[in-house]
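Student: Produce the complete structure using the sequences and hints provided.
If you're matching them up, the sequences are chains A and B in order. All residue numbers in the first sequence are consecutive under the working numbering, ending with 162. All residue numbers in the second sequence are consecutive under the working numbering, ending with 304.
Please keep in mind that the hints were generated in silico from the structure rather than gathered at the bench. Quick reminder that beta carbons are idealized off the backbone N, C-alpha and C, glycines included. Incorrect hints may have been included.
[Stated by the list, open to error] Beta-carbon label-pair distances, calculated as ranges:
1. 103(A) - 79(B): 43 to 53 Å
2. 231(B) - 7(A): 52 to 62 Å
3. 220(B) - 132(A): 33 to 43 Å
4. 224(B) - 139(A): 39 to 49 Å
5. 101(A) - 252(B): 49 to 59 Å
6. 233(B) - 125(A): 13 to 23 Å
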Amino acid sequence: MAARRSNWWASTLSLVLTLALVAVPLPDSVAPLRPDWVAVVLLYWSLMAPRHFSLLTAFWMGIALDTLSGALLGQNALALLVVVYLAEKFHLRLRVFPLSQLAITVFLLLGLYEFMLFWIDGMAGRSVPLVERWVPPLTGTLVWVLLYMMFDRREREAPARL
Amino acid sequence: MSAPGRTSPGFGRSGFSMGVRFLLLAIVCVALMLLDRREQHLVRVRQALSLVVYPVRVAVDLPFSTWHSMRDTFAARDALIAENREFRRERLETEGRLQRLESLERENQRLRELLDSTARVGSRALVAEILSVDLDPYRQRFELNRGLVDGVYVGQALIDAQGVVGQVVRVGPLTSEALLITDADHAVPVSVNRNDLRTIAVGTGDSGRLRLPYLTNNANIVVGDVLMSSGLGGVFPAGYPVGRVTEVTLRPEQAFAEVLAEPASLLDRDREVLLLWDSSEAAPQASETEAPEPASDASVAGLH
Chain A
1 MAARRSNWWA STLSLVLTLA LVAVPLPDSV APLRPDWVAV VLLYWSLMAP RHFSLLTAFW
61 MGIALDTLSG ALLGQNALAL LVVVYLAEKF HLRLRVFPLS QLAITVFLLL GLYEFMLFWI
121 DGMAGRSVPL VERWVPPLTG TLVWVLLYMM FDRREREAPA RL
Chain B
1 MSAPGRTSPG FGRSGFSMGV RFLLLAIVCV ALMLLDRREQ HLVRVRQALS LVVYPVRVAV
61 DLPFSTWHSM RDTFAARDAL IAENREFRRE RLETEGRLQR LESLERENQR LRELLDSTAR
121 VGSRALVAEI LSVDLDPYRQ RFELNRGLVD GVYVGQALID AQGVVGQVVR VGPLTSEALL
181 ITDADHAVPV SVNRNDLRTI AVGTGDSGRL RLPYLTNNAN IVVGDVLMSS GLGGVFPAGY
241 PVGRVTEVTL RPEQAFAEVL AEPASLLDRD REVLLLWDSS EAAPQASETE APEPASDASV
301 AGLH
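Tutor: Listed below in structure tokens is the structure:
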């Protein structure tokens with residue numbers, strides 16, 4: 001239980017750091033490349049350690065993201081919920097994929113996330129440029145693969161939780 | 001929000017199945033969005049949430065503000081002296097110009113009285129710092145370190161030393177969110193300084209460009225024309241520079257010409273901006289931080 005608790009603190013800290021990453025200012029030339037950090041990190045957790053965070057966590061992270069970025073309240077929350085739900089639902093099938101297919105799945109999920117944000121923007125009548133929308137899912141997938149390579153060893157050594 | 005019987009927060013062990021929980025939360029999201037679309041319903045909630053994420057904003061801004069203050073602390077002595085000399089020269093120039101402005105303003109006041117039109121009243125101002133925090137990458141927005149406690153209100157105009165910057169769109173307890181004039185959702189009523197031609201400058205989403213989409217092909221506008229805020233619409237006070245026309249493309253096949261302008265203010269390089277108070281709004285309580293009002297206002301008021 002104690003180990004689990006410290007693990008919980010570590011992952012909560014990772015989420016807060018992720019929120020900070022979202023807000024760090026980047027020069028204009030690099031800013032369009034910024035991955036959707038929160039979606040990437042939540043996807044990492046929900047695919048690699050499912051049930052680690054609940055859907056409620058995704059919801060609150062989304063609300064925090066909406067507040068931080070000045071978006072419609074619930075916009076990021078809904079998009080994150082859908083993506084995390086899909087990942088959690090199908091994680092057993094997805095986890096047996098080789099890395100390349102896993103990466104493609106993550107790219108599709110991040111694309112879905114970005115599309116939902118765009119779609120809600122459109123419904124709410126906010127004008128948002130369409131170009132460069134596909135770049136964050138791409139960089140996000142790269143970050144996800146890096147995370148996978150860095151941290152997944154421990155998960156593979158201890159698959160007992162499944 | 002958490003179910004009462006849960007042992008460990010965050011692990012999602014409430015009674016419902018995942019599908020049901022997903023559905024419930026999704027419904028909450030949709031409800032929130034519907035309520036938030038009409039900005040005023042969730043103002044309180046938004047303010048509380050903005051307070052919750054305030055530490056994140058401050059933490060992100062900290063390295064940048066520390067860097068700025070470090071640079072001030074360790075600036076070389078001769079650099080400071082040179083800067084000081086520069087400021088003194090600028091001040092002399094500005095004061096010289098101000099003297100002429102004072103007499104002009106008095107004359108303007110007299111003429112306005114003759115015409116029985118309402119007098120312009122000097123507005124109050126407050127310096128606000130821009131937090132080094134990136135918001136939505138697809139919007140031209142930024143976060144200010146002034147909020148409700150400083151008396152900031154929604155729709156307040158922002159200027160810098162060069163011209164109009166934008167307006168406040170959301171106010172939290174300690175911070176507020178501003179929309180730049182170059183945001184794709186923003187429009188400023190402007191008039192051309194040369195001939196008082198009135199039109200509207202619309203943002204493009206690019207911080208170096210404004211568009212004037214409602215000018216016909218035979219409109220009297222040329223490259224280099226200065227655009228001033230016209231005061232229509234009531235958000236921006238009249239007479240502040242907005243931009244300069246950079247490109248006029250006549251399109252005979254269409255009704256409107258394509259006119260582009262660049263903003264007068266240094267939108268992407270500012271660190272400090274000025275919040276303006278409309279004279280009709282309630283005065284801010286924070287009077288000690290109030291920027292000194294120009295002497296000309298006092299002399300104008302003395303005329304009455």
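Student: Each hint needs a verdict: does it hold in this structure or not?
Tutor: Outcome of the hint check:
| no. | hint | in the structure |
| --- | --- | --- |
| 1 | 103(A) - 79(B): 43 to 53 Å | holds, 51 Å |
| 2 | 231(B) - 7(A): 52 to 62 Å | holds, 60 Å |
| 3 | 220(B) - 132(A): 33 to 43 Å | holds, 37 Å |
| 4 | 224(B) - 139(A): 39 to 49 Å | holds, 41 Å |
| 5 | 101(A) - 252(B): 49 to 59 Å | holds, 55 Å |
| 6 | 233(B) - 125(A): 13 to 23 Å | holds, 19 Å |
Of the hints listed earlier, there is not a single one the structure fails to meet.
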